[in-house]
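In this note's numbering, the protein residues as written are 1 to 290.
Among the hints, erroneous ones may be present.
Stated by the list, open to error - Distance windows between CB atoms, simulated:
1) Thr268 <-> Arg234: 20 to 28 Å
2) His248 <-> Ala42: 34 to 42 Å
3) Gly216 <-> Glu43: 24 to 32 Å
4) Ser207 <-> Arg271: 33 to 41 Å
Rather than coming from a laboratory, the hints here were simulated on the basis of the structure. Predicted model, so just to flag it, every value in this text is computed and none were measured. The beta-carbon is built from N, C-alpha and C at its ideal position, and this holds for glycine as well.
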Amino acid sequence: MPELPEVETVRRGLEPAMVGARFTRVEQRRPDLRLPFPERFAERLVGQEVQGLGRRAKYLLADLASGEVLVMHLGMSGRFLVTQGGATRMPGEFHHEHGGESAHDHVVFHLSNGAKVTYNDARRFGFMDLVPRAGIETCRHFDGMGIEPLGNELSGEAVTRLFEAKRTPLKAALLDQRLIAGLGNIYVCEALFRAGLNPEAPAGSLSPEKAAELAGIIREVLQEAVAAGGSTLRDHAQVDGSLGYFQHTFRVYDREGEPCVTPGCANTVARLVQGGRSTFYCLTCQPPGE
DNA sequence: AAGCGAACCTGGCTGC
DNA sequence: TGCAGCCAGGTTCGCT
Numbered sequence: 001m002p003e004l005p006e007v008e009t010v011r012r013g014l015e016p017a018m019v020g021a022r023f024t025r026v027e028q029r030r031p032d033l034r035l036p037f038p039e040r041f042a043e044r045l046v047g048q049e050v051q052g053l054g055r056r057a058k059y060l061l062a063d064l065a066s067g068e069v070l071v072m073h074l075g076m077s078g079r080f081l082v083t084q085g086g087a088t089r090m091p092g093e094f095h096h097e098h099g100g101e102s103a104h105d106h107v108v109f110h111l112s113n114g115a116k117v118t119y120n121d122a123r124r125f126g127f128m129d130l131v132p133r134a135g136i137e138t139c140r141h142f143d144g145m146g147i148e149p150l151g152n153e154l155s156g157e158a159v160t161r162l163f164e165a166k167r168t169p170l171k172a173a174l175l176d177q178r179l180i181a182g183l184g185n186i187y188v189c190e191a192l193f194r195a196g197l198n199p200e201a202p203a204g205s206l207s208p209e210k211a212a213e214l215a216g217i218i219r220e221v222l223q224e225a226v227a228a229g230g231s232t233l234r235d236h237a238q239v240d241g242s243l244g245y246f247q248h249t250f251r252v253y254d255r256e257g258e259p260c261v262t263p264g265c266a267n268t269v270a271r272l273v274q275g276g277r278s279t280f281y282c283l284t285c286q287p288p289g290e
């Protein structure tokens, strides 16, 4: 479930359960996900206090008292669920199916405040790593990573500079984490639609005016999605099992063949494949050569 | 060097 | 009902 808004939603959900607490027990149930777990993963966590929980692009970063950072990526299907240890459940609490054990619960963190944090990932494209806090920006995960779209760096000038002379399609440029880090297929489609930009147009063809507009729209779409608790496509987006609702706001994503939402537009949402991934757009509202 | 397809892995849905 | 085929929110690798 994870583009930037979903990861931020998870971060906000994990924060009260993890920050200020210590790991009392860590169950690592397999040797690897997309990447091998680091050496002595559980032992390096147990006893450590989580001092803060941050996010960089689609990565979660738990700051440990040891000076290491627990880096977590959700891949395509990673999800966290927070429950209270034991069988404790609030009276009347909705019993989500994920409240039970699942074959894909790969990691369980037991914390000193009684919280239990379960990482579930059917496809195992996610991973966890432990890296030193000092110099983390040059570790394998973050070296060369692009700007943070909700940070101060994203501007029209930045987009113009990053896309300058690129003949790669706008869609691909926006998905390139080395340029802007955190966008994925959904929010790129939504941002291009809102900006009225054709997904196949060369990235380097953006005028400074359109670049500025696009930068603002990217920020706007992401902020709206975070406020909505992210998008829920195939399972819960939030760590208590509840759903995000930004998917109800999609204007083009996964709406192939449905009417364009632009008032007065008679066209329907089209789908094309770029770089092996579906792009949803309206040819009338996002014409070529704009 | 950039750009593209394939690969990693499982599950859910569609259609025959 | 069964099964094949296709699709999925990401990233990385290897080949033009």
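Exercise for the section: Return the numbers of the hints above that this structure violates; sort them in rising order. Expected result: Violated hints: 3, 4; rest satisfied.
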